[in-house]
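Protein sequence lines correspond, in order, to chains A and B. Per our numbering, the very first residue in the first sequence carries number 1; after that it's consecutive. Per our numbering, the very first residue in the second sequence carries number 1001; after that it's consecutive.
Everything labelled a hint here was simulated from the structure, so no lab data went into it. None of the values given here were measured: they were computed from a predicted structure.
Just a sample of chain A residues kept apart from chain B, beta carbon distances all over 10 Å, derived:
# : residue
1 : Gln23
2 : Ala81
3 : Gly88
4 : Arg290
5 : Asp643
6 : Leu730
Which residues of chain B face chain A? A few of them, derived with a C-beta cut under 10 Å, are:
#  : residue
7  : Leu1120
8  : Leu1174
9  : Ser1229
10 : Glu1260
Note that CB positions come from ideal geometry on N, CA and C, so glycine has one too.
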Amino acid sequence: MKISLKWLAEFFDEAHGKKLIEQSNVIRAQLPFLGLEVASAKKLAEGLNQVVVGFVEKADRHPDADRLKVCQIRLKSSDEALSQIVCGASNVAVGMKVVVALPGAVLPGDFKISKSKIRGVESNGMICSESELGLAESSEGILALPESAVIGAPIVQALGLNDEIWELELTPDRADCLSHLGVAREVGRLLSTKPTTPAVELLEAGAKNEVAVISVEVIATDAAPSYAGLLLDGLQNQISPDWLKRRLELLGHRSHGAVVDITNLVLHELGHPLHAFDADKISGGKIIVRFARDGEKLMTLDNVELTLSREDLVIADLEKPVALAGVMGGLESSVGPNTKRIFLESALFDPAVIRKSAQRHKIHSDASHRYERGVDPAGVKRSAGRAALLFKEICGLKKRGAFLLVENKKSPLLQKDHILNLDLRAFQEIVGMEVAAEDVLEQFSKLGIPASIKSANVLRVEIPSHRLDLAREIDLVEEAARLIGYNKIPEDFPELSHQLQSKTSGLAERNDQIRNMLLVRGLSEMMPYSFISDEEAKLLPNAQCVALDNPLTAHWSKMRPSLAFGLLKIARDHVGVGQHRAQFFDLGSCFASKPNEKTSSVPGEKLYGVEESLHAGFLLMGRALLEHWSSDKKASDRKRSFDFFDAKGIVEDLAGELSIVDGRWGGIQFVDLESAQKNPEMLSACSWIPLSLLHPFRSALVVFPGKGGGSVVGYVGELHPEKRRESLNLPKGLDLNAVLVELKIVPDLLIEMNRLRAPDAKVSQQSYGKIKLSRRVPIVERDLSLVFGAEASAAEISKTITRAAGLELLELECLDLFPMENGKKSLAYRLRLQTETTLSDEQIQAIVSRVSEELKKKFGAELRA
Amino acid sequence: MSLTTLVEKLEKLSAQAVAAIELAKSTKEIEDLRVQFMGKKSELTEIFSQFGKLSAEERPKAGQVGNEVRQKITQLLSGKQESFATAELNSKLKFEQVDVTLPGRMRPNASLHPVTLVRLELSKIFGDIGFTVEVGPEIEHEFYNFDALNIPANHPSRALQDTFYVKDRKDLVLRTHTSPVQIRTMLSQKPPIRTISPGRVYRADYDATHSPMFHQIEGLLVDKKVSMSELKGVLSYMVKEFFGAELKVRLRPSFFPFTEPSAEVDMECRFCKGAGCKTCKGTGWVEIGGCGMIDPEVMKSVQLDPDEYRGFAFGMGLERMAMLKFGISDLRAFFESDQKFIEQFSRWSR
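Work the whole structure out from these sequences, hints included.
Right under this line is the structure:
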């Protein structure tokens, strides 16, 4: 909300008004400590020295430029020589009074004006637009001054710019400050004085000798607990006087003729919205305040046709709605230049009703802004009286009708004589600061809140009708603390009244554990947005995405069902700047709409059909190994890209650390996509996995074994060679591979793992694995090279070897793999053997034979020469 | 041969040997000289063999001189030999010399996200004074996000936050703050309660200083006796611990539907220590969050008797705290996800 300092000063006597203007910086700096945030303050005269009123005597086309005009400007009323200025505005015309910045002026934005030649023609200054003067954000053409402007006068004087505009950002509770009077109350406290309330015309409802030409009927008495109307006759809706126009312009209003300008003035002066109807357009001589009927139409002042519903409160005549109550007037009944009689409305509406209407129709007006926050019930009469006085002074009002006031005295919104007690002991306990009753009384009195001592520790406070925010004792506690000053509150420290356990919820702790595991593996953490686009969502045709009702852009229309899109976006951004090697992770919530399930990520919590699950994902792109000056330039491994096995290794490490279910393997299994495709149940659990982006034969699902074949908890996959270019936005001539990994940190799974880890859980010792003591006997190594059929799986082979070798096997390493021409594959393993005693050659041979026999039996494996 | 002749021969031989050894250039030459002067067929051996022919009186004298010469040559040879060996080893080692300023073999320079780092640090700071960490869902029911927090429908306070709504589910929102976790906590735990709730929040606002997604951390303390001065003390403790400096905290009156009294929290600008600089726009103070005493209406909505229990709550933006701590000027850097930007925080990550 905008406040004019000059106007604000008029609320005080001359001395205090002068003090306010002189010390405006000091006063303004104190407002935030009263809870009134000042977003900006602007001294209008700044940069407007040497800017004066000029008169365009001649405006000829520039000889060398079609769009420029060479103007002869009179800068003094006497017939002195004219000043030549080149102007590019299309609206410059002979006979116009304009704003001229003379050479030497420095306009806002440090714009220096000097004599110059424009396309060879001398120009002695500049004719200014509003934006060049810093009076508007943007403007079209130069500013045309009114006839009354005095030629040669400084513009600061001509436009009344010796003012300062404060932009206040008020919290919704301080509706009482949405006016100059309201701010003056707070400022008055700082000036140690009280503001004077503007003069009003005394209005008396039901006064004798007054006739109501238009009658008022309030049907919706709860929604409109107070409705006042006044017929004003024989006035002229002329152009407003300059002071009024200027005052409103400085506050951001265009002038709409004296009648509307007066209502706007009162709105900014007293904070109470008023509306003026053209009385001759009110059909049937009757105003009815009622709820609309579904489907009723109203064309508003700004030419928008609204379709109303029965939740919209309207002001209607006998035929139709003429205004959306408290929000905006109708076009048909609006006042125009020929209006002779107006019906002035001053009312009090239910804030919730107004807000609903304003929101439904997406209208935000000065009136709705105030009504939504609540207006002073006493303002109904005062504002009408103020306007009546101004109409008399400005519009030559000849006669007025009776002041009609319809009140619903039972309405809670009209509670008068609101008395609250403030217990100073409660204040002390809540705020933690000791105060004397007298001090609090003084603070309240300075703000014009009458208060007295009721008993030793209790104050009796009369709440003024404009302070709607003071409804409970706790509100008074805050008010007293605010007035005394939050800076007076001492610093203390809460007592630890009970022994509190410093424990962290398991889920949060686990997330950080995963973060650290990925960090030590060289991956950096990223936080892409949780939103995805419709296009991205199409890559998961079976996923039920949570869509936003009001997305900021189409790119961010849905909540991510998978981390893949964010990871790929980051990869693209890195490719875009030539950072071809990247390894990073994201850990956060993913979402799925489950309209038929009451599920949630929070254990024990039902969240209404949205599943929110925690995912950890990472992406490895480009070369697997960091370049080093010492590396063997001939080694074939040196330039290899990250591949499936780099990613799988990290997943295995993670699984191993997250769970001790089966030693290093953490119980998870990797299922190739070909097998997964044959398993409909498994496939149905993959709706969140972007399978189409993955290499069909170099990717795997991560499965946690359990009932029904286990559950899919994630995937590890290289990007599909045909999709890489698009997914990574690769420039021509560059090929890069990337591996994408995502794991669902399924809460149930984690809980299961936690249970297994917990030392006090009833878990068989076997779950921890058998711990072998250290042995001092030398380790024996034996290498085995065998030929297997193509279908033999490495996991099965390892398992077979481990089982056959028995307890003597310390470690098993897979040394080598190479495919053979006949379609078979050769695998080499190294067995590292150790027992409590030195193994004899016979014993070693026996183990090796056992393993070979078993492999032959199970896989038909042949030993290689 | 006379004694004199023998002595002369020995002295001559000694002089020859000294000269030859002096000129030797390698361990090989020294070995050759050893054979030449000390070997079985050397002149010295020859001279020693002549001692038997001398008289008994002359023999000890000759022996003494002979031994002196032999000792001298031996010493010179081994001395020279040693210095050659050392030099040769040194030159061999020198050949293996490395430039110690070349880069070592390092792991990639990975880091946690600064928002995570700030969250972890604040969690620890509050953990030290008995605050536990609680989390909650990001898609919330309006009851937790609004109603229970005294933000009724059709009240302007709902408009304080630009809310994202879930399509076709007007009762579900992307949480606009982490305060719903406070509601969940108060509903599920009995006082005394001390928790902080960090997490991701969303608001439909996007410009240079607003992101539609960001992170907050909120604190909650509920007990029988709680005051605003204690709130101030806790905030002051947090600022000192987090920024590691004696920076003052001040409260300014404000409005939040869920607290009464409510306040904005400012702290002395950590860059200029209150003197005024670009970051604090010359005021010496920067805003870090909001706080207040829990509104009795909120207490009622979680079935706590406001006459028996009181509490305070406070909230801050994690990005804001990270910007102040690390001196980051642009909010968007947190979500642009540039590995090189993130890597700069690696030294705080470990």
